[in-house]
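Residue numbers (the working numbering), protein chains in the order written: chain A, 1 to 432; chain B, 1 to 142.
These are calculated hints, taken from the structure and not from any lab test.
Glycine is no exception: its CB is placed at the ideal position from the N, C-alpha and C atoms.
Each hint should be verified, as a subset may be incorrect.
[To be verified] Which residues of chain A face chain B? A few of them, derived with a C-beta cut under 7 Å, are:
id	residue
1	A8
2	D9
3	A18
4	L20
5	L68
6	A75
7	A111
8	A341
[As the list claims (entries may be wrong)] Covered stretches of chain A (in silico footprint by chain B; criterion: 3 or more residues with CB under 8 Å from a CB of chain B, positions within the stretch not fixed):
id	region
9	302-309
10	350-361
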Amino acid sequence: MTLLFRRADEMRLLVWVAALVATGSVAVAAAEATSFDRRQLLIPVVFVALAVALHAFLAIRRVRGDQLLLPLASALTAIGLVLMQRLQPDDTPLLAQQLTWMIVACGAFAATMLIPRDLTTIGRFKWMWALLGVALLVSPLLPVIGREINGARIWVGLGRFNFAPWEAVKILMVVFFAAYLEEYREVIARPRRIGPIPVPPVPYLLPMLAMWAIAMAIVVFEKDLGAALLFLGIFLAMLYLATGEAFYSLIGIALVALGGYVLYQTFGHVQVRVDTWLDPFHEEMRFGAGYQIIQGLFALGNGGLFGAGLGNGMPHRIPIVWSDFVFDAFAEEAGLAGAIALLALYLVFVYRGMLIAIKAPTPFLQLLAAGLSFIIAFQTLVIVGGNLRLIPLTGVTLPFVAYGGSSLVTNWMLVALLIRVSDITARVRGTP
Amino acid sequence: MELTFGVLLWAVRIAFLLLLYLFLIRAFGVLHRAMSAERVEGRPLGTLVVERSPARTPRVGERLPLRAMNSIGRDAGNDITLPDEAASARHAKLEHDGTEWWIEDLGSTNGTLVNGTRIDGRERLRAGDEIAIGRVALRLDR
Numbered sequence: 001m002t003l004l005f006r007r008a009d010e011m012r013l014l015v016w017v018a019a020l021v022a023t024g025s026v027a028v029a030a031a032e033a034t035s036f037d038r039r040q041l042l043i044p045v046v047f048v049a050l051a052v053a054l055h056a057f058l059a060i061r062r063v064r065g066d067q068l069l070l071p072l073a074s075a076l077t078a079i080g081l082v083l084m085q086r087l088q089p090d091d092t093p094l095l096a097q098q099l100t101w102m103i104v105a106c107g108a109f110a111a112t113m114l115i116p117r118d119l120t121t122i123g124r125f126k127w128m129w130a131l132l133g134v135a136l137l138v139s140p141l142l143p144v145i146g147r148e149i150n151g152a153r154i155w156v157g158l159g160r161f162n163f164a165p166w167e168a169v170k171i172l173m174v175v176f177f178a179a180y181l182e183e184y185r186e187v188i189a190r191p192r193r194i195g196p197i198p199v200p201p202v203p204y205l206l207p208m209l210a211m212w213a214i215a216m217a218i219v220v221f222e223k224d225l226g227a228a229l230l231f232l233g234i235f236l237a238m239l240y241l242a243t244g245e246a247f248y249s250l251i252g253i254a255l256v257a258l259g260g261y262v263l264y265q266t267f268g269h270v271q272v273r274v275d276t277w278l279d280p281f282h283e284e285m286r287f288g289a290g291y292q293i294i295q296g297l298f299a300l301g302n303g304g305l306f307g308a309g310l311g312n313g314m315p316h317r318i319p320i321v322w323s324d325f326v327f328d329a330f331a332e333e334a335g336l337a338g339a340i341a342l343l344a345l346y347l348v349f350v351y352r353g354m355l356i357a358i359k360a361p362t363p364f365l366q367l368l369a370a371g372l373s374f375i376i377a378f379q380t381l382v383i384v385g386g387n388l389r390l391i392p393l394t395g396v397t398l399p400f401v402a403y404g405g406s407s408l409v410t411n412w413m414l415v416a417l418l419i420r421v422s423d424i425t426a427r428v429r430g431t432p
Numbered sequence: 001m002e003l004t005f006g007v008l009l010w011a012v013r014i015a016f017l018l019l020l021y022l023f024l025i026r027a028f029g030v031l032h033r034a035m036s037a038e039r040v041e042g043r044p045l046g047t048l049v050v051e052r053s054p055a056r057t058p059r060v061g062e063r064l065p066l067r068a069m070n071s072i073g074r075d076a077g078n079d080i081t082l083p084d085e086a087a088s089a090r091h092a093k094l095e096h097d098g099t100e101w102w103i104e105d106l107g108s109t110n111g112t113l114v115n116g117t118r119i120d121g122r123e124r125l126r127a128g129d130e131i132a133i134g135r136v137a138l139r140l141d142r
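Using the sequences provided together with the hints, build the complete structure.
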């Protein structure tokens, strides 16, 4: 009996998630009455079973602390599954694949909760993480396992499955930076000053710069703008969090502007991204490079305030809607109301993550939790901004929602890490 | 028949949106409760008790809760602000490494004293130690 109440808030919130996924699944299935497949009704059942299993796992392990992240991540994944059911084309079973990846993600979540026994030890292997990260980033360029899909060579293929290594690298990068900054924060935080201009201690910044530069070079080589932007964001955010030196951020923004300009001048695919952002309706792009974003904008307009209703929109008019434009598809069918609720879910997630960071008992854990929360915030901002044509479109995934196994698995590992940090805090402070 | 199915379909669609909001409201509720609970019960990692404070802010006897990283100084951007002319803008730093508390002087003009001795670099603190920064004295309490 006590097992049920050990994490009562989490349990109660999961009941709402269950209701949400069941309703969504029924709405989509009923709308496609002609091709109704009874097996589709199994999806909410399997998903809820998985979420409850994770909850039970945490309760049995007597994990303390946060009870909000698991339901939030579950709700977002549930929305993702409902959308996969809605958006899957006849020839690709997106839903079955995504659900399979969710099972893998649950395994990865549990493993991250258990290994290593003492979370603070992962900081000691920071050079190993850095090396592993670089190796993972190089792997898509290798001949046999590397694959190119939709113009970006960022995939590693194993049989039928494709994996995007940069998704895992984002977490490794945060761990490495958190460990490195905990050690050298002092030197980096107090730069010598020549007049008002701080001179950063370059030798101490070198390892971080090197890690970042390698990541950037590879990513540019693999034509993946989204990952490059995310890595740069992580680098600057963590440097600022650890040092409180606004000057570093200013240098960073200047570097982005400069790098962006150089990339725009030298790489065709960057030019296309920027041009389609500035003027997708241009005669030459209307039915070419700008087609996807134009259809996305029409979908947003069609959705209006309260949406066309789940299963009642025309999201298939957007090419590859399930990976890059999943936010537009949701906004069309659930409307502005639904889109705002979705963004609010991310907001609560990130806010919770930052609270965990503030309360964490050591600088390493603080930086780790803040960096991980930043990943979710930044990815959401970049992809939703791209979908709404506020910034050029880049290929990062909408966390938990967009189609993609590597994304789902690594984001659930990220949730596990945040819960572990909050568990340690609760134990040190003696709170439930 | 057709009509009722259509009505039902819309009911389910609206229910989905409503449930999304109800979940969101519940999540906000849990977040709010977790925050207020932490404010009340959550034992901070440690506290500094103000022993002597000529500037009257903070008051003598006031308990200042500590986090893992705390900056102390005259500047308002510090975690612990001491409006004392003898304190430097960024004076010292108090850190918890998981088990112990450490204090470090950040190159202040008048130095940081622990139990009356001026410290040089990073120094470990024990519960009950008195820290003097400018004319302010603080005692570490767990």
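Do the hints match the structure? See the list:
1. Proximity of A8(A) to chain B is violated relative to the hint, the smallest CB-CB distance being about 10 Å (cut-off 7 Å).
2. A distance limit of 7 Å between C-beta atoms decides the matter here; for D9(A) the minimum to chain B is near 5 Å, and the interface restraint holds.
3. At its closest, the beta carbon of A18(A) sits 10 Å from a beta carbon of chain B; the interface hint therefore is violated under the 7 Å criterion.
4. With 7 Å as the threshold, the beta carbon of L20(A) comes within range of chain B, its nearest partner Cβ sitting at about 5 Å, so the hint holds.
5. For L68(A), the interface hint holds, the least distance from its beta-carbon to any beta-carbon of chain B being 5 Å, beneath 7 Å.
6. Taking 7 Å as the C-beta contact cut-off toward chain B, the hint placing A75(A) at the interface holds, the least distance being around 6 Å.
7. Proximity of A111(A) to chain B is violated relative to the hint, the smallest CB-CB distance being about 24 Å (cut-off 7 Å).
8. Against a cut-off of 7 Å between C-beta atoms, the interface hint on A341(A) holds, since the closest Cβ of chain B lies about 5 Å away.
9. Counting residues of the region 302-309 of chain A whose CB lies closer than 8 Å to any CB of chain B gives 3, which reaches the minimum of 3, so the coverage claim holds.
10. Check result for the region 350-361 of chain A against chain B: holds, 7 residues qualifying (beta carbon to beta carbon below 8 Å, three or more required).
In this structure, the hints that do not hold are numbers 1, 3 and 7, in rising order.
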